[in-house]
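Given chain A, work out where chain B should sit, using these hints.
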Amino acid sequence: VTAAASPAPSGPAAREAHARRLLERAHAALLDADLLGRSGAGSEGAALLACEAAHLAARALLAPLDLDRVDPAAATLLLDARLVATDRISRACGEALHRALRARREVAEAEGAGLYAARLRALRDGAALLVAEADILLGREGPAPSVPPPADDEEALE
Amino acid sequence: MRPRLELQVSPAPAGEVRRRASARELMIAPIDEVSCRRAASDALTRRCGLVDAPGPATDNARAMPGPLLASLKGRDLRALTGFRDRVRASLGKRLHAIYLLGRRALDVPAEAALPARAAAGGGPATAGARPGGAALALAPAPEPPGELLLLVEVERRDLWVEEQVDAAALEVALATGALVLPLVRAEEEVAGDAARAAPLAARRAVSEEVP
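Respectively, the protein sequence lines represent chains A and B.
30 is the number of the first residue of the first sequence in our numbering; add one for each residue after it.
51 is the number of the first residue of the second sequence in our numbering; add one for each residue after it.
Rather than coming from a laboratory, the hints here were simulated on the basis of the structure.
You can take every hint at face value.
From the structure, some residues in chain A lie toward chain B, with a derived Cβ separation under 10 Å:
#1 Leu94
#2 Gly123
#3 Glu124
#4 Ala125
#5 His127
#6 Glu135
#7 Gly143
Only a predicted model underlies this, so the values are computations on that prediction, with no experimental measurement involved.
Ideal placement from N, C-alpha and C gives every residue a C-beta, glycine not left out.
So that you can see chain A by itself, here it is in the shape it has in the complex:
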């Protein structure tokens, strides 16, 4: 994994627009994760999409501060220091981002990364929480989030 900074938009308005684009991508990734998880086609793909949604939401939160980073580890550390430590977002969001970062690396490093159903659900719910708090902080407008509610049955993500 290479540490790389994203092309930094100049000016507050450009950064806000960049944050909104990232947040839209986070919503799309979360929706894809949910659909893939419900279809039962691939638990690993659903987990990676949920992780991607969480990291995109984190980047969206960091973009207005001119701290957007493509590297998930760098984004996680900056979110902890700038938003969780200052109580601008909840600690649950910080934990969700760490969970997503760890899952992503475990999938990349190991065969059979232990993606059982409860963990998949926790990854998806954590990503949804982060996206929801990003919606609130960034004042996202428009239609309601297109993410369907969590599954009621236990086998939905298996």
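Leaving out everything else, chain B in the frame of chain A:
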């Protein structure tokens, strides 16, 4: 407070050691090369926070840090020991071992990752800071933050264990400004043939166990 010793091992005969020391330290009797090596390893062990009380080096090989562990300093070292202590306290016997797989520098400004208290002015003055108030002593500028990749081997993987690990990683990041990235592996995941062929197994073989 123990006096600071700076020892240099030279090819001189046993019993002769070149050293720079205060007048008090000059009262220490000359030591041979074996004692010098022991003192150096003991200092290295204490520097890594692996032994709480200063004392003579033991023959326990686990107390000796490897080159990667020994290279850690500052916030990385605080993050590693803090994470280890938190995970040990929360998991207890479910935790089998922690391995340090590597460290990677992050593209993050050093000041941006400072803990909240230090960033708000509670920390020491840095070399680049303007002198003012009571903060007259200058400390070195904070080193760029990094990612410590760890392997946490547990008895059994479940959601509670993983939550404890994630909570510990977050706590450490908030307290130290360093990122700990723990990869959790259960006992049965380490033993299988597929697991042995995975890249993680190769990395574990050359990693260093955190004492």
